[in-house]
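Peer 1: Sequence:
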Amino acid sequence: MPILDQFANKNPVKRFLEWSQLSAPSFATVKFARKRVAERLSSPKTLEAGEEPEKPDLLARLMLIAFAGSDNTAITITAIVYYLLKNPGCYKRLMEELERVTPPEGAHILGKWYPGNTLVGCNAWILHHRPEIFGDNCASFRPERWIEGSPEALAKMNSCFFAFGAGSRVCIGRAISLLEIGKLLPPLFRTFDLHLQDPAKDWTLYNNFLVKQHGVDVHFTRRAAVGTM
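Per full-length UniProt numbering, residue 1 is the first one in the sequence shown, and the count goes up by one each step.
Hints listed in this document are in silico derivations from the structure and should not be mistaken for laboratory results.
Worth double-checking, as some hints may not be accurate.
Label pairs and their in silico Cβ distance ranges [as the list claims (entries may be wrong)]: (1) Ile-133 to Val-170: 12 to 22 Å; (2) Val-226 to Asn-123: 20 to 30 Å; (3) Ser-177 to Gly-149: 17 to 27 Å; (4) Val-211 to Glu-144: 16 to 26 Å; (5) Glu-132 to Val-81: 34 to 44 Å.
Heads up, the beta-carbon is just placed ideally off N, CA and C, and yes, glycines get one too.
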């Protein structure tokens with residue numbers, strides 16, 4: 001309901017607290033990370049080895065991460081803006097694409113009628129459960145579909161993969177998210193044996209702007225080393 005969304009998510013007090021990091025969802029993570037960094041820098045092992053970096057060194061590293069590639073990005077963006085404004089036809093087509101709505105006379109989309117000047121969105125959850133795209137077993141957890149599918153089926157699934165959105169509203173963190181997933185999961189399962197503490201218990205999903213999961217209680221046991229170097 002829009003009124004509940006205004007109260008729960010767009011509440012000015014809530015937004016101020018999140019902006020100040022007093023109640024941000026990531027505040028606990030940031031606090032944990034700061035504590036671990038402080039412990040590492042003040043540990044006897046670090047101090048004895050003389051490895052404690054100076055604060056200017058830390059600042060330099062952070063600046064390198066933050067600003068690497070900024071010049072070429074700025075040059076590219078400036079060139080795009082310049083040439084769009086120098087070519088009104090391209091600029092007009094861009095704006096029509098960004099502000100895309102149904103034509104004034106309305107339109108039929110997938111058998112449903114939409115009146116003119118209507119913004120039409122797409123729900124990723126529904127799209128990913130369409131059997132004509134992801135197969136008759138689209139509701140099942142079956143990663144093999146991305147390996148065993150024909151080139152045509154894979155191309156179709158990839159083009160309809162909507163977890164990060166698409167077009168002008170694609171998630172800006174898509175690349176770093178996929179990088180983190182690929183870097184985290186293989187060593188996690190290689191290092192530990194994992195099992196649910198209560199296999200009969202289902203998780204709980206809280207569906208808002210993002211889908212939050214609760215009740216995923218996992219037991220970790222370090223695995224014995226496999227193979228030799």
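Peer 1: It remains to establish, for every hint, whether it holds in the given structure.
Peer 2: Structure-based check of all given hints:
About 19 Å separates the C-beta atoms of Ile-133 and Val-170, a value consistent with the hinted range of 12 to 22 Å. Between Val-226 and Asn-123 the C-beta distance comes to about 42 Å, which lies outside the given range of 20 to 30 Å. Range check, Ser-177 to Gly-149: Cβ separation about 23 Å, and the 17 to 27 Å hint holds. Evaluation of the 16 to 26 Å hint for Val-211 and Glu-144 yields a pass: the beta carbon distance comes to about 24 Å.
In this structure, Glu-132 and Val-81 meet the distance hint of 34 to 44 Å, their C-beta atoms being roughly 40 Å apart.
The structure shown violates just one earlier hint, number 2.
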